[in-house]
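Trainee: Given next are the chains, with one letter for each unit.
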Amino acid sequence: MISLSHYLVFGAILFFIGVAGVLTRRNAIIILMSIELMMNAVNITLISFGHYLHNVTGQIFAIFVVAVAAGEAAVGLAIIIELFRGRQTLNVDEINIMKW
Amino acid sequence: MLNLVWLIPGFPVLAVLINALFGKRYLKTNTHYFAVGSIGLSFLVSCYIFYQVAFNHVIAELVLYEWIMAGDLSINFGFLIDPLSAIMLMVVTGVGFLIHVYSVGYMHGDTGYHRYFTYLNLFMVSMLILVLGNNYLLLFVGWEGVGLCSYLLIGYFFHKKSATDAGIKAFLVNRIGDAGVLLAMFLMIVYFKTLNFTYIFNHTSLITPETATAITLLLLLGVCGKSAQVPLFIWLPDAMEGPTPVSALIHAATMVTAGVYMIARSNALYLMSPTSMTIVATVGAVTALFAATIGLAQNDIKRVLAYSTVSQLGYMVMACGVGAFVAGIFHLMTHAFFKALLFMGSGSVIHALSGEQDMRKMGALRPHMPRTFWTFLAATLAISGIPMFSGFFSKDEILWKAFSSEHGHWAFWLVGAVAAGMTAFYMFRLVFMTFFGKSRVDREVAKHLHESPSMMTVPLIILGILSIIGGYVGIPAALGGSNWIHHFLAPVMAGGGGGHAEIVQGVAIASEAVTTHGAAAATGGAHHDVMEYVLMAVSVGIVLFGIFLAHLFYIKNPSIPEKLAKRFSGLHKLIYNKYYIDEIYDFLIVKRAKQLATLCWKAFDVPVIDGIVNGVARLTVLESKFSGVFDLSTVDGAVNGIGTIVKSGAKSFKRFQTGFVQNYAFVMLLGVFVMVTLYLFF
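Residue numbers (the numbering used here), protein chains in the order written: chain A, 1 to 100; chain B, 1 to 682.
Calculated directly from the structure, the hints in this document are not laboratory data.
C-beta: ideal position from N, C-alpha, C; glycine also.
Take every hint as true, because none was put in to throw you off.
Which bits of chain A does chain B cover? Going by a derived footprint, with three or more residues having C-beta under 8 Å, they are:
id: 1; segment: 16–25
id: 2; segment: 85–97
What follows is a set of in silico ranges between Cβ atoms, one per label pair, in the way DEER data are often shown:
id: 3; chain 1: A; residue 1: 6; chain 2: B; residue 2: 671; range: 27 to 33 Å
id: 4; chain 1: A; residue 1: 71; chain 2: B; residue 2: 651; range: 37 to 43 Å
id: 5; chain 1: B; residue 1: 652; chain 2: A; residue 2: 71; range: 38 to 44 Å
id: 6; chain 1: A; residue 1: 84; chain 2: B; residue 2: 633; range: 50 to 56 Å
Take the sequences, apply the hints, and build the full model.
Mentor: What follows is the structure in structure tokens.
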């Protein structure tokens, strides 16, 4: 029997894989994908609780997150394309002009 | 219909506006259509007014609106229509119209064509307001207006220094007289509380004869300025720098007669003061003789005419001074005809000679310009006072009145008669030197000799006819005439102004030119005696002698003048140089004024005014230096100090901004950890 804990642990693992990806990878696209991973981890947690508590709100919220993630992906990719056109690289260590 | 009298100055006002606004750019050589047309229309309206006044005996005062209200004082903007203003209207618009037509031919091709006609029309407006005004202030408006326009027109050729100097001279000399008029008006305001002609002349009992003397003498000062009397006549000869039609209009027919008009208009006041009358007559007589002597030896054709004008104006003033106001106005009218004609004829001669004005370079022009010659001759006969020409009647009446009037004296008659002889001499000298004898014209100029275009000669012919017949309105009773002009002007000259209309706001009312009419006729008829014929014969004799001398000197034996000039070289030099009046004035007044100005400049302006200004400037500079130091050290220091503090504070904090996106993400994660930890364990 797969209990709630399994889903939550799975969600947590997935989230931290995402966090690790955001913090360690240098390619902007991979970072974006990692953020996507974190969002999906949250989705899993939301749906799990929704199922467990017999409350549909969690699922509705997950659908919102998917929609927002789609928008975020679209905007993020557009930014990345422009970034690449401007600097011929996606290495975030080289994209560091936003400082003093 | 009398309400339309405002149209008389109205038409030229419209033309001035049109020509001033659109003349330069759009109308250019077409400006004369409006200029001449407007004066023509004014002339037609004037004719109607004159008809009403002359044949329906209308005397009216038309108040357009209340102009000035100050306490007791109330001055209207209104027009007075009476025989005097009617006759002035006819002279001003009639002669003015002919001069405008003449100007079209004379000024043809001039670069300032539109400017010329704008000034000329503005002048007409001023002159018409002057003769139409129903109070002294309105008269003064016109008075100043013609002064301004004469300045503009005399200095018309502004690229010539002598012309602008002459304009300024005319303006300044007139200003002296204007001050007199102003003071006279102040006195009248004090005593009458109004400047209205009708009221003042009907209430002369409000002032004492002494006050009347003061007022009239101050007015006389203005007359001396405007009508070029001794001692303020010096501007008129110089004013010949203007275009010749301007000389004809301003210095013969209109502006210079304003003074005579004012004396005639104020006759009620002058008659109150025998002292003033004597002074007026003396000034006139002195001017008549003085200017005539100068005219004897001038060589510039226009200068001769200028001095002749001064002399004739002296005649008119003298006539007023001996109480013969009608004779003065009569002579003013005939003089307007023949002197305008003389000026325009001289303009025609100058035109033909390509601008030559020196009579020594003329001669034998008669066959070349017959129309100019014959009209010029008519005017010369008129001004000399040859019987049956207009000047004879007016001049003779003045001489007779100078002798016989209660204000007169035989000395005035003598001066007048001698001046008349001189007039005849210098006028015929002018005619002989210009049209007869041997030609002394430069060969180059002689090639272009031509009669002027008919645009110029037709006005000459009309004026020529007027110069001959113009006097027939005033044939004295002694010669079997009815002296119509005398009866015509009687209502105005009755002393108290008995026939004047009452003031009615806004509307014109007509009143019959009452009984004085018949009374004057009766006295006019009874007044001649043998003496009048004798004096007439003597003056004609003097005139004929003058003509004979001129003929002897300049036709028969041209060497005489030179011999005489050598023999009496001192006298000749004195006359030739106009008694050195200009030099004397220059020495006595202009130089002193300049010295005073220099003194003020050096002793007051430079040390005091400039000192104050410079001192203030220096103080300001010093103060601003202090301010500068304060600004630099304190204000700037504070501003920069704040900047420096912020900058040095930021030095350590800016290290946090690495620009690496993953650093930010890591900090966010740390933050989440901290918050979750806090939430879970505390």
